[in-house]
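Please model the complete structure; the sequences and the hints are all you need to start from.
Spelled out from the first residue to the last, the chains are:
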Amino acid sequence: MPDLGERGNVMGPQPIGKVVEPPAAMLAAAAELLTAIMHGDLASAEAMTTQQAREDIARITHALKPGAYDKYEVIGRGRVARHYFLKARLTGINAQPFTIQFRLGEDAGKWTVREVLNLTDRRSAWTK
Amino acid sequence: MQRMIPVDKLARPEDHILLPALRMRNARIEQGLAASNAMPYEDDFLKARLHGICAGEFQAMEAAGRTLYDFPDAPWEFQLDMARQVWDESRHAEIYLKLLEYVGSYYGEFPEGEVLWSCTQAEDPAARVAGINRGLEGLACDVFEQLIRIAQKMGDPIIERSVDYVLADEITHVRMGSKWMRQLTEGDPERFKKAQAFQESIDDLFNFGGGRTTVEQAGHIKQRVGEKEIEIDSGITIAREARLLAGFTEEEIDRLVKGFGKSAAY
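Top line first, the protein sequences correspond to chains A and B. The opening position of the first sequence corresponds to residue 1 in the numbering used here, with each subsequent residue numbered one higher. The opening position of the second sequence corresponds to residue 1 in the numbering used here, with each subsequent residue numbered one higher.
Bear in mind the hints are in silico, worked out from the structure with no lab data behind them. Each hint should be verified, as a subset may be incorrect.
Under the rule of at most 20 Å between Cα atoms (straight-line distance), these lysine to aspartate or glutamate pairs were calculated in the DMTMM-like manner [stated by the list, open to error]:
no., chain 1, residue 1, chain 2, residue 2
1, B, 194, B, 204
2, A, 18, B, 156
3, A, 18, B, 227
4, A, 18, B, 204
5, A, 71, B, 15
6, A, 18, B, 42
7, A, 18, B, 101
Remember, it's a predicted structure, so these values are computed and weren't measured experimentally.
Here's what the structure looks like:
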């Protein structure tokens, strides 16, 4: 039960709603995208990216040194209705951490990238 | 001294997603939703609305603190009022964090927008309080009054009383804003006019294309909230009674209802 009041000896109000868990297919799509980018596999990354974000995904894939990154971590997630914004960091032994933020949306059962942004050395998507 | 700091200078945890309004709007439009905000007819309306308010409370706390810091030469009583507002907003943020848990959400489930912070960008303390205390806190009166009615229809005293408690503070903040807007511009009609124009630009921004109306005139829709299906307003209403309590004039409220004949700026 979530702590609703730090009153250990009192039964406070109980939650009236359930937390929405992120869809497993969405998380799998994120993993697929990050793996493709990390390996410089532009064709796979593009295959799951809508037309509007293709240029950006190409720019980001080209910005990464091939073989420099071997790990990724999704560090942030926020949804707008059924679309998910994810923030992820790619790391490698001799490479500066690379941070990207992208939005995934589902269409006919397939999760695709709707926008992507290089957030390295930036804190947010405030600056376009 | 830099008085107008961009939103991404605000301290936020790394896992937090902060977005410009444009990106948020694009995501909503692509899903066939109203561009500006979560609307009462959406499934996640209550969670998204509480989340937006919670983010607003954090930014309001930061804005009042920033105003205190930015204008060290302002009257001592003004500084005291701003300090008190920081304390009020921090309690509000805490209340909304608990309400988010209560409805099955958590802070960070949705991205945080920057549009409220953009309304704090004024160099003059008179304009700052006109925009934040009268513009944004006036909007808060509208949103909270509607939320209280929704909670009443849900039969949920937790949300109803929590939000009513916060609304009482917001009314005080609007009154503070009116007082300082007048006092700081005393004998300087030009400065008063500029502060008023800044507030009007904010009222206009949140007028949603002239789509807001009074509680009495609002359309209604059926919506499932939690276990119950209730009838709620189809858009964000203007809370005449709460605004009158806060010291807005009938004329000001009528201008809001008429929407100045302009469309929303975002």
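Results for each hint:
1. The suggested pairing of residue 194/B with residue 204/B holds, with an alpha-carbon distance near 15 Å, which does not exceed 20 Å.
2. Annotation: proposed proximity of residue 18/A to residue 156/B holds, straight-line Cα distance about 16 Å (limit 20 Å).
3. Between residue 18/A and residue 227/B the CA atoms are separated by roughly 12 Å; this keeps the pair inside 20 Å, and the hint holds.
4. Between residue 18/A and residue 204/B, the direct Cα distance comes to roughly 36 Å. Violation of the 20 Å bound is thereby established for this hinted pair.
5. For the proposed pair residue 71/A and residue 15/B, the alpha carbon gap of about 17 Å is at most 20 Å, so the pair holds.
6. For the hint pairing residue 18/A with residue 42/B, the CA-to-CA distance comes to about 16 Å; that is within 20 Å, so the pair holds.
7. Of the pairs offered as hints, the one joining residue 18/A and residue 101/B holds, with about 9 Å between alpha carbons and a cut-off of 20 Å not exceeded.
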